[in-house]
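*Asks:* Once you've looked at the hints, go ahead and assemble the two chains, each given alone in its own frame, into the complex.
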Amino acid sequence: EAGVTQFPSHSVIEKGQTVTLRCDPISGHDNLYWYRRVMGKEIKFLLHFVKESKQDESGMPNNRFLAERTGGTYSTLKVQPAELEDSGVYFCASSQAGGVFTGELFFGEGSRLTVL
Amino acid sequence: GENVEQHPSTLSVQEGDSAVIKCTYSDSASNYFPWYKQELGKGPQLIIDIRSNVGEKKDQRIAVTLNKTAKHFSLHITETQPEDSAVYFCAAKSGGSYIPTFGRGTSLIVHP
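Residue numbers (this note's numbering), protein chains in the order written: chain E, 1 to 116; chain H, 1 to 112.
For reference, chain H alone in the conformation it holds in the complex (with noise of 0.2 Å):
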């Protein structure tokens, strides 16, 4: 099955810096690549995803990228703000299935 790495587990920025979140996917077939955003004390929301037939897509501050062949993808979240603190979650999914994999997230903290 789908075998989804992320890194970091922590990540700690000052407001208005960068932040970079990665992962890598195992299965060749996994077509669809969402991140979830968790704040404290909600359930994971969706905040953008990328399918294997584009490269990149931008939201704002926010933007993923996709590596087909090294089968990795990252969120960029640019010029960040205290309230961009919270989990984020990729996950990879197929084509054919309903069920996405989750990678173990990473505890973004923006420090004002």
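With the rest of the complex left out, here is chain E (with noise of 0.2 Å):
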């Protein structure tokens, strides 16, 4: 079975530039986050999709970032325009449908984006 897919793996754009990350969760997994990291401080939440709905996004930054799941299946985070604060990496993650929720998040590889 597939595991959280993210795309692309490093992204390096110019300021005020527009950047989409894409995630793929695991199939069945009706649970997906966005975090980020930026070097050496925590991985950060950003928002928790419950199918197609946004079921918290306390911590989006600012309406900079645009995150979508259409049809409850991929994620996009959209970044526009970008600032240089922006750079980190995007780690998405899924976890299984509510009812028995164990807890545990399923990570991608992350997407780590550059803005000079």
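The hints are simulated quantities; they were obtained by calculation from the structure and are not laboratory data.
As the structure is a computational prediction, the values presented were derived from the model and not from experiment.
Hints may contain errors.
Taking lysine-lysine and the DSS-like style, the derived pairs with C-alpha atoms no more than 30 Å apart in a straight line are [unchecked claim]:
(1) E/Lys44 / H/Lys22
(2) E/Lys41 / H/Lys68
(3) H/Lys58 / H/Lys42
(4) H/Lys71 / E/Lys41
(5) H/Lys58 / E/Lys41
(6) E/Lys54 / H/Lys42
Take a look, some chain E residues computed to stay more than 12 Å from chain H by CB distance [claimed, not checked]:
(7) Val12
(8) Ile13
(9) Gln17
(10) Thr18
(11) Ser58
(12) Pro61
(13) Asn62
(14) Leu66
(15) Thr70
(16) Glu83
(17) Leu84
(18) Glu85
(19) Val89
(20) Ser95
(21) Thr114
Ideal Cβ positions, reconstructed from N, Cα and C, are used throughout, including at glycine.
*Replies:* Rendered as structure tokens:
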């Protein structure tokens, strides 16, 4: 069974440009999360989807960030326009549907974003 | 909201030694404490977790302890091996939430 996949693995863009990150969760996982880690700091929560609905977006930094999950399958995270402080590794994770939630998140390998 | 502090940021040990990573949390409602290991080029992966109804859990060379009164929990790795080298993250989550809060990570280096 395929794990969580993220694309691209690394993106280098100029300040002011737009970048779109994609995440494909494990098949059947209704919960999808976006996290970000700036070097040396914590893995910080950005957003949580349950199927196609945004359950919690309290961690989104500002309105330059837009996350979507049309159809409740893959998700995209767009940053527009990108700023220097947006640099970091963006992790996507998924977990099984509600009911018996074990607590385990399954992470992708991350998308490293470098804004110059 | 929850705040998780993790120490040390870097830990260097000789192969065969033990390694201990410590975390504290702020929300007394937290009841689930997972530990994730991130190897180079990979995403974090759950290695062990503990719930607030137990004080200790062990899985081969890895153990986690929890002190609810002091709000701290620790990861213990015995007989370290070079393949244990990675970044380790602790996290805490309350029962009603789907969102774990992570610490800053500890880079463990095991020297052969």
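*Asks:* Look at each hint and say if it fits the structure.
*Replies:* These are the hints, each one checked on the structure:
no.	hint	result
1	E/Lys44 / H/Lys22	holds, 19 Å
2	E/Lys41 / H/Lys68	holds, 25 Å
3	H/Lys58 / H/Lys42	holds, 24 Å
4	H/Lys71 / E/Lys41	holds, 21 Å
5	H/Lys58 / E/Lys41	holds, 28 Å
6	E/Lys54 / H/Lys42	holds, 26 Å
7	Val12	holds, 18 Å
8	Ile13	holds, 21 Å
9	Gln17	holds, 25 Å
10	Thr18	holds, 24 Å
11	Ser58	violated, 8 Å
12	Pro61	holds, 15 Å
13	Asn62	holds, 18 Å
14	Leu66	holds, 20 Å
15	Thr70	holds, 21 Å
16	Glu83	holds, 22 Å
17	Leu84	holds, 21 Å
18	Glu85	holds, 17 Å
19	Val89	violated, 9 Å
20	Ser95	violated, 7 Å
21	Thr114	holds, 16 Å
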